Amino acid sequence: MPRELGPSLNERQFFLQALKEEVRIDSRGFGDFRAIQLDFGDEYGVSDVRIGKTRVLTNITAEVTTPFPDRPFDGPFTITTSLSAMASPSFSGPPSETEVLLARLLEKTLRRSGALDTESLCLIAGRAVFSIRADVHVLSHDGNLTDAACLGVVAALRHFRRGDSEVKGEDVKVFTMAEREGVALSLLHYPLCVTFSFYEGEVVLVDATLSEEQMREGSCTIGMNKHGEVCQIAKLGGAPVDAVILLSCSNLALRHVERMSKVMEERLLEDAKRRYKGGIKAEPSSENARVP
Amino acid sequence: MAISAEPTVVLSHLHHTDGSATFSQDGYTVIGAVNGPIEVSRRDELPEEAVVEVTVRPAAGVGGTRERHLESILQATLRQVIFIHNFPRRLIQITLQVTSTPDNDSVGSKIVQASVNLPILPSLLQTSVLTLLSASIPLAMTLTSILLAVTPDGILRSPTIKEIQGANSVHVLAFSSHGELLVAESDGIFTMDVWDDVHTVARRICCVETSANDSMQEDGLEEKAGGIMTFVKSVLQEKVNQDLNWKK
Amino acid sequence: MPLDTSSYSLALLRLDGRRWNELRRITAQISTMPSADGSSYLEMGNTKVLCTVTGPCEGGGTRDRDRADIRVELAIAGFSGVDRKRVGRGDKRVSEMVSTIQSTFASTLFTNLYPQSTIHISLHVLSQDGSLLAALLNASTLALIDAGIPMRDYITASTAGSTSSYSSNDESADPLLDLNTSEEQELPFLTVATLGGSDQVSVLVMETRVQAGRLEGMLAVGVDGCKQVREILDDVVREHGKEVLKSGRL
Chain A
1 MPRELGPSLN ERQFFLQALK EEVRIDSRGF GDFRAIQLDF GDEYGVSDVR IGKTRVLTNI
61 TAEVTTPFPD RPFDGPFTIT TSLSAMASPS FSGPPSETEV LLARLLEKTL RRSGALDTES
121 LCLIAGRAVF SIRADVHVLS HDGNLTDAAC LGVVAALRHF RRGDSEVKGE DVKVFTMAER
181 EGVALSLLHY PLCVTFSFYE GEVVLVDATL SEEQMREGSC TIGMNKHGEV CQIAKLGGAP
241 VDAVILLSCS NLALRHVERM SKVMEERLLE DAKRRYKGGI KAEPSSENAR VP
Chain B
1 MAISAEPTVV LSHLHHTDGS ATFSQDGYTV IGAVNGPIEV SRRDELPEEA VVEVTVRPAA
61 GVGGTRERHL ESILQATLRQ VIFIHNFPRR LIQITLQVTS TPDNDSVGSK IVQASVNLPI
121 LPSLLQTSVL TLLSASIPLA MTLTSILLAV TPDGILRSPT IKEIQGANSV HVLAFSSHGE
181 LLVAESDGIF TMDVWDDVHT VARRICCVET SANDSMQEDG LEEKAGGIMT FVKSVLQEKV
241 NQDLNWKK
Chain C
1 MPLDTSSYSL ALLRLDGRRW NELRRITAQI STMPSADGSS YLEMGNTKVL CTVTGPCEGG
61 GTRDRDRADI RVELAIAGFS GVDRKRVGRG DKRVSEMVST IQSTFASTLF TNLYPQSTIH
121 ISLHVLSQDG SLLAALLNAS TLALIDAGIP MRDYITASTA GSTSSYSSND ESADPLLDLN
181 TSEEQELPFL TVATLGGSDQ VSVLVMETRV QAGRLEGMLA VGVDGCKQVR EILDDVVREH
241 GKEVLKSGRL
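Residue numbers (UniProt numbering), protein chains in the order written: chain A, 1 to 292; chain B, 1 to 248; chain C, 1 to 250.
Hints listed in this document are in silico derivations from the structure and should not be mistaken for laboratory results. Please note: incorrect hints may appear among the correct ones.
[Unchecked claim] Partner residues aside, some chain A positions facing chain C, computed with beta carbon under 7 Å: (1) V100; (2) G228; (3) V230; (4) V241.
[Said to hold, decoys possible] Cβ-Cβ distance ranges computed for the label pairs, FRET-style: (5) G148(C) <-> N86(B): 52 to 58 Å; (6) E119(A) <-> V240(B): 55 to 61 Å; (7) L126(C) <-> R43(B): 35 to 41 Å; (8) E58(C) <-> I25(A): 36 to 42 Å; (9) I124(A) <-> G17(C): 43 to 49 Å.
[Claimed, not checked] In silico lysine-lysine, DSS-like type, Cα no more than 27 Å apart, as pairs: (10) K173(A) <-> K162(B); (11) K53(A) <-> K20(A); (12) K247(B) <-> K233(B); (13) K48(C) <-> K92(C); (14) K239(B) <-> K53(A).
Computed from a prediction, not measured in an experiment: that's the story for all the values here. For glycine and all other residues, C-beta sits at the position ideal for the given N, C-alpha and C.
Model the full structure from these sequences, guided by the hints.
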């Protein structure tokens, strides 16, 4: 399998010199994101996130299964990430380090922080639960996969509607969308990731492109929700960075998370308007629309 | 959402690959990407021709036997389509990502998964050819393919999932741009005579080229017929026009 | 088994009798394995880790022709935890720790002195009782020093937690240093590794939810813990050096 080619010495020097003069190659500010575009599919639970040239497609599916014996009330929630040759030819073959770390980061940000209320997926304790599965497909890789994938999964989870269900004694009936309107999942909070890249110990960049990622000395991903709770921090080695800089990163992360949450909110609202049929077919939701 | 039977395509929209295309038809949407010709591991390399590697990825879940089966059909077909002798000891890597399949409101999604493999095959074939075109990989021919179902009422073109379930047999046929039969996959019980009928119908749909005006006058099956070949040609024409835009 | 943290506010003593800023007992030995180029054995409370370093030896340079590769292997013994569990090779948590250790030392060691070679770090976890990643990093540092591979400074690590859970917003919450397993299961905590007792943070991993305001306190306590750990590790190395000199093995 071919290896991913890194930037040349000339490119590297040019880039670092530019950083010293406080210029980024694509003329963004150090703390700026590229344009974020969020779209939803025709079906429920499909989100398509584009951050610059990075593009991630997320698909949520639900099915009725029996729960794990040690957790009879919890519906399983799995996130799978697939980096195929579509993102880069070097991703064919066994899962690369990038893929494993991406999967771990998503799991830590979304699962361990309890974003999805898995107990609400229970139909009959120990017998039947909804299992939720998120498939993250990376279509195009131009850096910052983590932030894009995290936004994609959260947006898709909020967009998803599972079939309404009815329990009669021991029998579970799941209605299709044609029979009854779907039910939204119950999410407790919406964590999002922001990744920082460090250069020369001093410079901190947000939302690095692929070539910027290849040249960085260290990185730190901070998962936060808009209420200012940190869900996860991952600075997995790399060049040492002053503790004070890391703390200021967490403040900056909050600003970006608030902005991304707003984009997500707007897009979800637009999508809901597009789907609104009005009257009796209006959608039941477990969430209170007035609580921000 | 209404499913449009009209095929639509977006070419070269992914930036990191040599060629890419998103193709949707009859509720199926497939994103294809090609890398090639690139380096191949020594274990897999062929001394006189290119290795064609096809990966099919389902929208949900990981690929299983169903995807491997589709991959083997696609791989065998595309080896005929691509000029593999032009690239000895090279790899042409095709990734096909299914992003949506027609959901059936009356059936749970689980059952759709377990049904026959064939309905998605025409979309996959069409996507891979368009993706190869987008990557400008030398091809011996292009192809057009169609899904037909034989029901008690007759032969149906691009049947829905419900129609497939009620059908006696399902057939996927693909024809090269020279009019030769390239792929014939069938599922179900049928006689040779029925297959001959299917072949005739499929050939008429796939190989006969009609302009938009002509198709208005014809009836029934052929109303939309000829569309596929015309579609592939028009896509090609547009791509060539765009690629040569700088000359104008 | 939920941990009863209610008694903390009464006596300001943790379950094992420590104060908020106390480390557990750290004992370490180096040159434990004569056959390896460098080796160490480290205990942080009941977390026990064994590390051997081989290299720099020939081969490698696949990532970067001008530098040595660092390969890390991590084996967690089935009997190391409370319940006997086999940790598979493909476990994501393990590969994350491996990649963290690899990347930390790649930027701390002077790998540019050994082009086209490989340094193997092999870690065995014999017993786990919290602060696992921190113990692994500390043990690797000691073994690398024993192997005589030039590095910028000690990488020392410790964990820090907070007595409040994420839901409660009480102001009286204290930060805690060096958590054991039962505390890790109940409280938000982070693992921090610094370079040579400075404020330069090399690794910072947090997996639990916590109020952003609480982060500063936890990080400060963690960095301070790293400084204490550095003193302890430095003593171990100096003690070993004296012994070697005395026995005339040089």
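Open item on the list: Tell me if the beta carbons of L126(C) and R43(B) are separated by a distance inside 35 to 41 Å.
Closed with: holds, 39 Å
Open item on the list: Restraint: V241(A) near chain C, CB-CB cut 7 Å. Satisfied or not?
Closed with: Since the shortest Cβ distance to chain C is 6 Å, the answer is holds.
Task: chain C contact restraint on G228(A) - CB to CB distance below 7 Å - done: holds, 5 Å
Open item on the list: Does K92(C) sit within 27 Å of K48(C), going by the straight-line distance between their CA atoms?
Closed with: Within the cut-off at roughly 22 Å; holds.
- [ ] Below or equal to 27 Å on CA atoms is what counts here, so check K239(B) against K53(A).
- [x] This hinted pair holds, its Cα atoms lying about 22 Å apart.
Open item on the list: Restraint: V230(A) near chain C, CB-CB cut 7 Å. Satisfied or not?
Closed with: V230(A) check passes; min Cβ-Cβ to chain C is 5 Å, inside 7 Å.
TODO: With 43 to 49 Å as the target window, see if I124(A) and G17(C) comply at their CB atoms.
DONE: holds, 46 Å
Open item on the list: Given the hint of 55 to 61 Å, is the C-beta distance from E119(A) to V240(B) inside that range or not?
Closed with: Taking Cβ atoms as reference, E119(A) and V240(B) lie about 58 Å apart, which means the hint holds.
TODO: Starting from K173(A), check that the Cα of K162(B) is at most 27 Å away, please.
DONE: Given pair K173(A), K162(B) holds - Cα atoms ~21 Å apart, limit 27 Å.
Task: Pairwise hint evaluation, K20(A) against K53(A), where the allowed Cα distance is 27 Å at most - done: holds, 25 Å
- [ ] Below or equal to 27 Å on CA atoms is what counts here, so check K247(B) against K233(B).
- [x] Holds. K247(B) to K233(B) sits at ~21 Å (cutoff 27 Å).
Task: N86(B) and G148(C) - C-beta distance against the hinted 52 to 58 Å - done: At roughly 55 Å between Cβ atoms, N86(B) and G148(C) fall inside 52 to 58 Å, so the hint holds.
Checked against the numbered hints above, the structure breaks none of them.
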